[in-house]
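Colleague: Chains as they are written, first to last, in our numbering: chain F, 1 to 468; chain D, 1 to 468; chain A, 1 to 507; chain P, 1 to 507.
Fair warning: there could be bad hints in the mix.
Unchecked claim - Among the chain F residues that face chain D by a calculated CB cut under 7 Å, a handful are: (1) Gln53; (2) Glu57; (3) Pro91; (4) Leu195.
Think of the hints as simulated: they come from the structure by calculation, not from any bench.
Even glycine gets a Cβ: it sits at the ideal position worked out from N, Cα and C.
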Amino acid sequence: MTGPTRAHPWMANSAPGMLEAMLAEIGAANLAEVLEQIPQDHFRKTPLNLPPQLASEMELKRDLLGKLRKNATCEENLSFLGAGVWQHHVPAIVDEIVGRTEFATNVWGSYQSDHGRNQAWFEFSSQLGALLNLDVVQLPVYSWGCAIGHAIRMAARKTGRNKVLLARLSDPERLSVIRTYCQPQEMDGAIEIVLVEPDAATGRLDLADLRGKLGPDVAAVYFENPAYLGTIETEAAQIARLTRAAGAETIVGVDPISLGVMTAPGDYGADIVTGPVQPLGVHMNCGGGVGGFIASRDEPEYVHQYNGFLVSVAETVQPGQLGFGLACPHQNSYGQREHGNDWTGNSTYLWAIAGAVYMSLLGPDGFAEVGRLIISRARYAAKLLAEVPGVRVHWPDTTFKEFVVNFDETGLSVAEINDRLRARGIFGGKDLSGEGLGLGQSALWCVTEVHSAADLRRAAQTLSEVLK
Amino acid sequence: MTGPTRAHPWMANSAPGMLEAMLAEIGAANLAEVLEQIPQDHFRKTPLNLPPQLASEMELKRDLLGKLRKNATCEENLSFLGAGVWQHHVPAIVDEIVGRTEFATNVWGSYQSDHGRNQAWFEFSSQLGALLNLDVVQLPVYSWGCAIGHAIRMAARKTGRNKVLLARLSDPERLSVIRTYCQPQEMDGAIEIVLVEPDAATGRLDLADLRGKLGPDVAAVYFENPAYLGTIETEAAQIARLTRAAGAETIVGVDPISLGVMTAPGDYGADIVTGPVQPLGVHMNCGGGVGGFIASRDEPEYVHQYNGFLVSVAETVQPGQLGFGLACPHQNSYGQREHGNDWTGNSTYLWAIAGAVYMSLLGPDGFAEVGRLIISRARYAAKLLAEVPGVRVHWPDTTFKEFVVNFDETGLSVAEINDRLRARGIFGGKDLSGEGLGLGQSALWCVTEVHSAADLRRAAQTLSEVLK
Amino acid sequence: WDEPVVMELGRPGGRGQLFPAPEAEIAEAVGDNPVPEAMRRKDRPVLPEITEFEAQRHYLHLSQMTLGMMGVSLFGTCTMKYNSKTSEFATWRPQIAEVHPYQHPDTLQGVLEIMHDFDGILQSLSGMDQFVFQPGGGADAAYTMTAVARAYWADRGQLGQRTEMVTSIQAHPCNPATAAAAGFTVINLPLEENGYPSLEALKAALSERTALIMLNNPDDMGIYNPEIREWVQAAKDVGALCFYDHANFNGVMGKLSARELGFDACMFMLHKTFGAPKAGGGPAVGAFGCSAELAPYMPAPVVAKQGDRYVLDEDRPKSCGKIREFWGNVPQVVKAYAWARAMGAEGIQLASDISVVANNYMDHRLAKLPGIERSNPDVTKRRMEMTRWSLAPLHEETGIGTVEIANRMADYGIDPWWMSHEPWIVPQPFTPEAGELWSKEDIDLWIDVLAKIMQEARENPELVRTAPHNQPIAQVKGDAFENPSKWAMTWRAYLRKRDQAAAQGAA
Amino acid sequence: WDEPVVMELGRPGGRGQLFPAPEAEIAEAVGDNPVPEAMRRKDRPVLPEITEFEAQRHYLHLSQMTLGMMGVSLFGTCTMKYNSKTSEFATWRPQIAEVHPYQHPDTLQGVLEIMHDFDGILQSLSGMDQFVFQPGGGADAAYTMTAVARAYWADRGQLGQRTEMVTSIQAHPCNPATAAAAGFTVINLPLEENGYPSLEALKAALSERTALIMLNNPDDMGIYNPEIREWVQAAKDVGALCFYDHANFNGVMGKLSARELGFDACMFMLHKTFGAPKAGGGPAVGAFGCSAELAPYMPAPVVAKQGDRYVLDEDRPKSCGKIREFWGNVPQVVKAYAWARAMGAEGIQLASDISVVANNYMDHRLAKLPGIERSNPDVTKRRMEMTRWSLAPLHEETGIGTVEIANRMADYGIDPWWMSHEPWIVPQPFTPEAGELWSKEDIDLWIDVLAKIMQEARENPELVRTAPHNQPIAQVKGDAFENPSKWAMTWRAYLRKRDQAAAQGAA
């Protein structure tokens, strides 16, 4: 073996002679001697077939940017896509902080050497707890869907029951994740999923159907507020009462950016609350900005069901000083392997820092303003779109930032309409027509604080043009 | 006066009640009392007429990005513009470091509290000194032209003479700055500028003309290597010898990115060396990336002529520890007002940090590689362009990264040709036709390490197409 | 910095971020507050009220109070790599950051091309036929394996029968944990003296009930199981699926092919082996790859190329369903792609060589330090890219163990080391891994510091026991973490419990 | 961090950045090394040879060893502002960063629009008719004024006659220094007891030789010259130009109009008043504005609007020539524009109000501290946005002065204060300025720390004298800075002199 003729910038010991020097020091004649554990016939026979090395940063950058330039963005285009990833304003300070190499790094240290990061995490939980009016918030898991999956499993473990009620009008993307967490029924510990019908007039849960399905085998009722199709669940407190009466857990999914104007779930009886982290200062990142939180009341029977990292404040050996560390660390899979609560691992903790910075920037007034702005703009958009001939909006008066736009009367499919809009720089809402929700040629439009009145008028105007 | 109803995010004391609380504390009834020094008739009568406030970051960002989107960039287009600002590869680490809030901040502290920044500055000077083979490097001034201006004035002060010789084929942009620093002749201490003719065959200085103009009144000869039109001054050592023989100072301007492959100016007799900082890791920034360095031998008669900040290593009160501070701080205008050397003030010191990081990343081998790559690609480009019918390249065999392309035989103006190229995504070279250099319809093309062979072929191919 | 909790900062009405009021035309059309009365928030959330600058300053302080990547970290089992800012900055561009996963594929050709090309790179490195990037980390990739196995066995009508997963007691906890969460019964094989379970024990555990086996190799001791081919064969003999947890890929990348060894599926941690930053715990990616036979059961969508166009293939009727929403942590995939391109085949192989040689260099120097001993001392062959060591002798001599020394190392700018996953088979364990990033000087510094602290442990054990001494805070007391009346996961819980304790103290 | 100088890092052949070899077709066409033999470098420059990570880690350490904007800085005369990351990030976009100033204006409409709009904003704030952004800082803007004055007088054929510039001894040094560099004779007016030069002294200094006067107001003492209108009139009476150095704009912005006061020209420091980061000394911008009468003499180009299109007007035959290449530090102009838009007229006025009130709040509290006194004690009126103070009483009592206290403040996370420009008219000066950024809590902390240190100065002066104690390094010894055998502006000079000293020591 001979070393490389030119060192690689990412490998200090690729400098000429370094490998040879270490080999000499350990008394090995060559690399093969060092690899003595591997039987000869284990070594690969197929040669590697990778694209050419781009060791020069200049060439690498050009390759990356050249490829990425083929993407179109929601910054240059006017996008109304939501449904699990939403275009919200991300403050620059959030980007700065999560981009700091101290945070965006591989290293994982101790409570002391990582004090700053631990404090930022605690501040994420603390501020989110203030929005939710709940005392326990776990560091986020992979996604909202995963958070729901874990929350349902928490409820099942806590109650010893194995059935969960969900809304029929659920996001198929999240529902598929939930099914993965709960089913198939053949498996040990599987949780049966039963769907609750919607009230046709409002899109909300049909309370009669819910009552009928709420039996002694139900571990939990899960509903979202606002729900998948944007509807606000005004009967949330009543649902929680019914659920509690049945001995089941009320699990709620909330959009945290709504909580400056919408009642905190801790105030209408939620036992466990989940939600997406992405609205709190995380870019859409082509879907790579998601994360899901889980929160609950501060009772040991809940706390002991969490699967992941609970950052708690703690004293240090120096009186008066506060530090941070992991509460109940032995109940997760790191501590107990297959006997732990579900499993944990690397997750989306950088977004907890993003969320901490975001919430500290907004404060109570910022959340009130952004919530009011979103719902006002979204309602206005629904109104403008509904005025376009052939266009109808479902449940226009009870949605938050998303709403269902129906095109049945236009004779065109959502796909066709979105193609036409896209040619004019507008990304129309998510196509619902294939989701089996019985909504015909409908699309889920999302309007947030980033959409000005002029944007909304432009969208309505363009829509009427392309429908002509 | 009543305070604002809504606090501004950039003013802590704009929170409701803060202003009033401070007024109460100081015993002032209102703001007018606090402004008691200003006579009533001094207050402005014309109301402010500014565009509407964009206090929301979201709106501000949208305004900025919406406007900036109207620019076209050298990243998406293929640009051959140079002449004082050049498109070089900027390593990501340079961007990270100069973007760190600790560096990109207003604060100016002490030698101790700013130790890291001072060390980075010293490392800029140290590494640039290693490229130049010179012992003294000042922190950069505003631009290369300004550096030349100061260097000439240094030479004039040192020699007590008041004439400087420059090349006729000088950059009019830099020359105009130099004239500002030296002239007009009516002023006290003015320095006369005399232009030295070029050798028509090579574009280099005509040594005979230089000899003829080098009299006992000449303070300095200034020449660039490579020069404005890209030519390499192979007779540099001879020029320095002639200059020294006349008792004058040899001032050289160099492109630091050439110094991995070109002789260090300290090795061919330069007394004072200037050059641009921008090639060392600073983006073009629409011209806002410029900065100019000044360097010299380490002799008190030079050191005492510098106008700005000389960062020196120094001991601290802790034995063995090194700190940094400003050498000869009292000779500049902060110390001596009108009696200081020229003047100093805020400059472009952030780019010194960029340069320090850049040079540390490249090292000796990186500079050798990038220098070789640039000159090879530039020569190749000149060759390809010269093969296009109607196109001629001046002095093709002695240039570094820039070269003169003549279009006289095409019957088209540079402006017309560049318009056609621009329509195809190519920014042609700088138009020289209006600069009075006697080069006809010529353009100064710049080729660097960022231009691949394929880019160059594309440029030549496109040029032949638009000339058809 | 003596930095307060953000909840303590600010002043009433302080603002860090403003939003405009709805335009007049909007207010006119929809009124002042369209939130249904029943769901309107009445209380004001107890959040900080600070300026933009104060938020920035606070979190910059916290960043400076985090040692992350500023010192030397030879954190074993996690392969500390250089996290290129080149790719980091590329992914901050709006062409990734401001892109929605439901955009029409015509507007996503760039990112799809990168994912497709990177899929090809991983295929070459592993011999597998298809990768998917949906899993949010290594554990999630293991979970994906269990979901794929469920779909595979369900498709064969054997799901009720194939109920067991077999692994080694020394496998990463995520393997048994995800299998259990997926509903499988876990069988853990104990280790023999040679450092890995015996083939006989495996064969005894395997049966027609075995759905899959999940293995890593080499393990965290640095020991390579030379019988791995026979293991895979034994599993295949009972029809079970074989999953290669490639967490410890660094020592063997470019040297081995999971598929050539017979595995049906494997996973790579892009945030570890492929140079994407882990960011203190994600966003991460567990890239899951498998054979063509298993590919139909993967989570959808997968990226495919049709002619010159890249598409998302959603039409996969046998798919196990989604592991997570959307297609994964796309920016991390781009960074991993960038890493693989910058390294190239030759760089990846060299990195593996360097990792193994550097670890053996460490072993060579560490072996000379009295007070520590190598795990599995009977395994005398040279270890792979990391080695587990034990401080048991020092601990016995001085009472100072691995936790104390890790705390003390931070005082020297050395990031605390990784000890061991549970269970601690080796007493007082620590597991350094040099990888290809760190220089010989860094490694030497690390060992010198360890030697110095071991000397301190003998001469001044109290100094080590009470460490750290120059970190942002002193040693954290652990008693609150298991005590419901003291733990506090939010500031509101902290205040409540503090007040309760004060009230009780007063009573 | 105990961080070595970068020149000491690395190893032979270490690389932080690679470049590809020229493509084969290029090497074939131009050969291996096209550099003329006479100019080929033979030696290998003595630069560090380190990895990309090592460069990053080194400079991150240095950044952490810089207190910049991490604490509380009430650095007077420089108006510490919030430097918005919103605009910072906008200017890192390729739409600015990767733009060449010689691009065709059609490709520059965005940046030209911003510069044009910002020109309008400054026009409104000052009453001037045209601004230019070419000067690289406040001093360069002062130099621009002198160059414009030269062109103005040359155009009138009086350049040989108009040779004098009149200013106050208390004006910023850049005013007399640039005037002198431009070839003018400087006349400095002394201060009277009321804190500014007398109108009579001015009139005595003015004559037909006066080319221009250069003034700031309020001054760094916080004193506003109430006779400024009369000053301008007196200068006009002899035909001289009047330049308003608006360095201290914060206290009067939105309140005064330079043009209404009669000035012909003024300058704003965008890196200070308008929230662009100064970055420890630039890139900065001194925006220079003047009346329509002076505008033809400005440096070219200026941004203009023709119909819907923005252009660069280069055709200015009377222009003084260029002060600096290109059009200025464009990213800083964009940031200043962003600041002005974010603040709006109401925010700018409020910021000014807050600045003045906050300084008076500081004055109120500082006045209670024994051992310091206000400059110009006879001026009893409330000061403007900053006040110069003197530690003379404390210094007399304890021997501890302004330098020692500044050093000690850093130990409390307070950035060292600004003392005074030369000459130090006030003994042991310090000049705090609260501005609109800092909170009342920050100001209170600052004063509390000062009070604490003053107490230390009395109780334990050695502690203060030897400060700082918890900064990256100890107090720097100044003896090398004036000593040619010890100063070392580069590492090569340092090594040479160290070796020489060692050789001499040995001899």
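Colleague: For a quick check of understanding: which of the numbered hints are violated here, in increasing order?
Modeller: Failing hints, ascending: 1 and 4.
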